[in-house]
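Enquirer: Modelling step: build the complete structure from the supplied sequences, incorporating the hints.
Sequence lines, in order, name chains W and F.
Position one of the first sequence corresponds to residue 3 (the working numbering), numbered consecutively onward.
Position one of the second sequence corresponds to residue 214 (the working numbering), numbered consecutively onward.
Heads up, some of the hints might be wrong.
Unchecked claim - The calculated lysine-lysine pairs, modelled on PhoX-like cross-linking and capped at a C-alpha distance of 25 Å, are:
#1 Lys337(F) <-> Lys212(W)
#2 Lys282(F) <-> Lys101(W)
#3 Lys215(W) <-> Lys337(F)
Claimed, not checked - To be clear about the criterion: a stretch of chain F counts as covered by chain W if any three or more of its residues have a C-beta under 8 Å from a C-beta of chain W, and this derived list gives those stretches:
#4 279–289
#5 308–319
Unchecked claim - Computed Cβ-Cβ distance ranges for the label pairs, DEER-style:
#6 Leu115(W) <-> Glu320(F): 47 to 57 Å
#7 Gly67(W) <-> Lys337(F): 46 to 56 Å
#8 Ile119(W) <-> Asp230(F): 48 to 58 Å
Don't read these hints as lab results, they were simulated from the structure.
Ideal Cβ placement from N, Cα and C applies to all residues, glycine included.
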Amino acid sequence: MDSRVWDNRAWLFVVPVMAFVLFSSLIPMMTVVNYSFQDSMGQNSFFWNGPGWFQNLLDPTTAVGARFQGALLRNFAFSFTVLAIEIPLGIAVALCIPKSGWRVGAVLVAIALPLLIPYNVVGTIWQLFSRTDIGLLGVALGRSGVPFNVTQNAGSAWAVIVLMDVWHWTSMVALLCYAGLKAIPDAYYQAARIDGANRWSVFRNIELPKLRKVLVIAMLLRFMGSFMIYTEPFTVTGGGPGEDTSFLSIDLVKMALGQVDLGNAAAYSLVYNLITLTVCWMFFTYTTHADSKDVA
Amino acid sequence: MLDRIGLKRGDEVHIADASLELHAGSMNVLLGPTLSGKTTLMRLMAGLDRPTSGRLVEDGRDVTGLGVKHRSVAMVYQQFVNYPTLSVYENIASPLRVQGLPKAEIESRVARAAKLMRLEPMLKRTPAQLSGGQQQRTALARALVKQAKLVLLDEPLANLDYKLREELREELPRIFAETGAILVYATTEPAEALLLRGSTATLREGRITQVGPSAALYREPGNLDAARVFSDPPLNELALTVSNGVAALADGSRLPGDGALGALPDGAATLGFRADAAAAAVAVGGDGRDPSHPAFPGTVAVTEISGSESFVHIATDAGLGTLVCLVEGVHAFEPGDRAEARLDLARAFAFGADGRRIAARPAAAPRREPVPA
Numbered sequence: 003m004d005s006r007v008w009d010n011r012a013w014l015f016v017v018p019v020m021a022f023v024l025f026s027s028l029i030p031m032m033t034v035v036n037y038s039f040q041d042s043m044g045q046n047s048f049f050w051n052g053p054g055w056f057q058n059l060l061d062p063t064t065a066v067g068a069r070f071q072g073a074l075l076r077n078f079a080f081s082f083t084v085l086a087i088e089i090p091l092g093i094a095v096a097l098c099i100p101k102s103g104w105r106v107g108a109v110l111v112a113i114a115l116p117l118l119i120p121y122n123v124v125g126t127i128w129q130l131f132s133r134t135d136i137g138l139l140g141v142a143l144g145r146s147g148v149p150f151n152v153t154q155n156a157g158s159a160w161a162v163i164v165l166m167d168v169w170h171w172t173s174m175v176a177l178l179c180y181a182g183l184k185a186i187p188d189a190y191y192q193a194a195r196i197d198g199a200n201r202w203s204v205f206r207n208i209e210l211p212k213l214r215k216v217l218v219i220a221m222l223l224r225f226m227g228s229f230m231i232y233t234e235p236f237t238v239t240g241g242g243p244g245e246d247t248s249f250l251s252i253d254l255v256k257m258a259l260g261q262v263d264l265g266n267a268a269a270y271s272l273v274y275n276l277i278t279l280t281v282c283w284m285f286f287t288y289t290t291h292a293d294s295k296d297v298a
Numbered sequence: 214m215l216d217r218i219g220l221k222r223g224d225e226v227h228i229a230d231a232s233l234e235l236h237a238g239s240m241n242v243l244l245g246p247t248l249s250g251k252t253t254l255m256r257l258m259a260g261l262d263r264p265t266s267g268r269l270v271e272d273g274r275d276v277t278g279l280g281v282k283h284r285s286v287a288m289v290y291q292q293f294v295n296y297p298t299l300s301v302y303e304n305i306a307s308p309l310r311v312q313g314l315p316k317a318e319i320e321s322r323v324a325r326a327a328k329l330m331r332l333e334p335m336l337k338r339t340p341a342q343l344s345g346g347q348q349q350r351t352a353l354a355r356a357l358v359k360q361a362k363l364v365l366l367d368e369p370l371a372n373l374d375y376k377l378r379e380e381l382r383e384e385l386p387r388i389f390a391e392t393g394a395i396l397v398y399a400t401t402e403p404a405e406a407l408l409l410r411g412s413t414a415t416l417r418e419g420r421i422t423q424v425g426p427s428a429a430l431y432r433e434p435g436n437l438d439a440a441r442v443f444s445d446p447p448l449n450e451l452a453l454t455v456s457n458g459v460a461a462l463a464d465g466s467r468l469p470g471d472g473a474l475g476a477l478p479d480g481a482a483t484l485g486f487r488a489d490a491a492a493a494a495v496a497v498g499g500d501g502r503d504p505s506h507p508a509f510p511g512t513v514a515v516t517e518i519s520g521s522e523s524f525v526h527i528a529t530d531a532g533l534g535t536l537v538c539l540v541e542g543v544h545a546f547e548p549g550d551r552a553e554a555r556l557d558l559a560r561a562f563a564f565g566a567d568g569r570r571i572a573a574r575p576a577a578a579p580r581r582e583p584v585p586a
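Expert: Encoded structure:
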């Protein structure tokens, strides 16, 4: 016999959270959705535009579509470059961190320092650092004859932005990996030593497999971070030279707040959001799938 | 052979003067509680760590400080240690691949080890797809396939369930004995040391307290430390003060029947006896007791029932601590019941103030001496 008493009053506890989410995300989000299907001639009068903005956005032959496609490709290129550098570098750094002794604390604090600096400060530091008149990097490169100019040369701008992101975020990957490495029981290393395995096969057959889960999380975090990046490159290059470092967020802000092209910008941000969600979902299913296989 | 091996880290002594002689094809048990130095001693034997004193001799060759790479060693741990991404086959083959053996040789050796460990149907799986017992059998096969001269098993069965433990405990000595390896087996359980036969070294705080054939060592512990390590449930201990051959208990009363202990030298001593040397009985009081079976009345604190026997913990009235008594069968001693512990003095050990056995206890009822394997 079912003796449970149904009492839906418990839902009342959830109401404050629901209300908060409603006002903080849902309602603003719905206004964006609203904009994305309507057009306005000002004076707060709107008329229905159907999927027009979206068609516009996803058609690369239109001006907005070309712009979106350019920014999207740049953004993917940036994310992959940054991941390709930060993940291996983070692992390498983690392997070099001492496992015990007083040096551990000192090294960890030193490594964590870049993570504590606000985004716009990081941007400012690198902006100044790469200036060709007073910046240490800019002046040094200029003197040694390397063509370097962040405001005029796309290669220079990209180099600085990638370098800045690596400097800012490799620490996080390294710290995650360090935690993962610390969790490997000593018996594994002993067993490998007794087997006579060399350093490479210890890394390949013990450390890397044991780090897999941590690395998936690190990749997810770094992908999201770099895919939604705004402040740092904006501070250094402002999206230039030309459009060369205009990533999705920078381009979107320009469109929405600079040109007040609300319809296009609304469609833009919804598609952007959808891409982010999709990638998030892919990572999530991958990790849960890996969990169900239960890699020891 | 271990010759007075010692290991110090800073001022901390990890292993002190450990000497052992290990023969090819023999089973050697290291018995001691957690942190008694079993694993450390094994690491020294393997060449994973370098001893700070003493010598390690193998077949007449001094191998002290020789790295594990240049030794012929295999080791299995309490945790199931396998390479996570490699298949069972590759896991077993890994030490052979490092040695660079020809392919055919690897195949035949792996096949044989897999057969002995009953892993044949699982060779293509990865360790994550195996049960705990299968994972450990993979690790054991990896040790077996290497045909090392020295095989170190560090509590290999501790994480397995009881059925599997019994099964593997039975098979392991036999399987490894065929390879002619020196087998060293660390355990915390006295019963396991007895079941494995061979010889046992008891360890306490980094010192080997006694070495000998397992059964003989159990029956005749030479010192208090060895007796403590080799007793489960814990050894019952009574502090004695001996003067003029008369043994007094901590409460000042004379130990009844102390004559049965033989001539005790004057001074402090400890009477140690296992649960099976003491029987619990409902207190009857009165006279007519056997003087060689002194009784200690008290209150039942706990009863542990294992099925065929019960361990009754009796808190003694005289403030002599709690004594654990063995009673055959299931006995419903409830906590708070009155009961007394009747000690069979003939099966108790007397230890001097320095912890050594002092008086040879009178010969117990003749028993057939099993020949140690």
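Enquirer: Each of the hints needs a verdict: does it hold here or not?
Expert: Taking the hints in turn, this is what the structure says about them:
For the proposed pair lysine 337(F) and lysine 212(W), the alpha carbon gap of about 20 Å is at most 25 Å, so the pair holds. Restraint check for lysine 282(F) and lysine 101(W): the C-alpha separation of about 23 Å stays at or below 25 Å, so the hint holds. Taking the CA atoms of lysine 215(W) and lysine 337(F), the gap is near 23 Å; set against the 25 Å cutoff, the hint holds. For the region 279–289 of chain F, the assignment as covered by chain W holds, since 5 residues bring a beta-carbon within under 8 Å of that chain's beta-carbons and 3 suffice.
By the rule of at least three residues with a Cβ nearer than 8 Å to a Cβ of chain W, the coverage given for the region 308–319 of chain F holds, with 3 such residues. Separated by about 54 Å at the C-beta atoms, leucine 115(W) and glutamate 320(F) satisfy the suggested range of 47 to 57 Å. Between glycine 67(W) and lysine 337(F), the C-beta spacing of about 50 Å keeps the proposed range 46 to 56 Å intact. Distance hint check for isoleucine 119(W) and aspartate 230(F): the Cβ-Cβ separation is about 56 Å, which falls inside the suggested range of 48 to 58 Å.
In this structure, none of the earlier numbered hints is contradicted; all agree with it.
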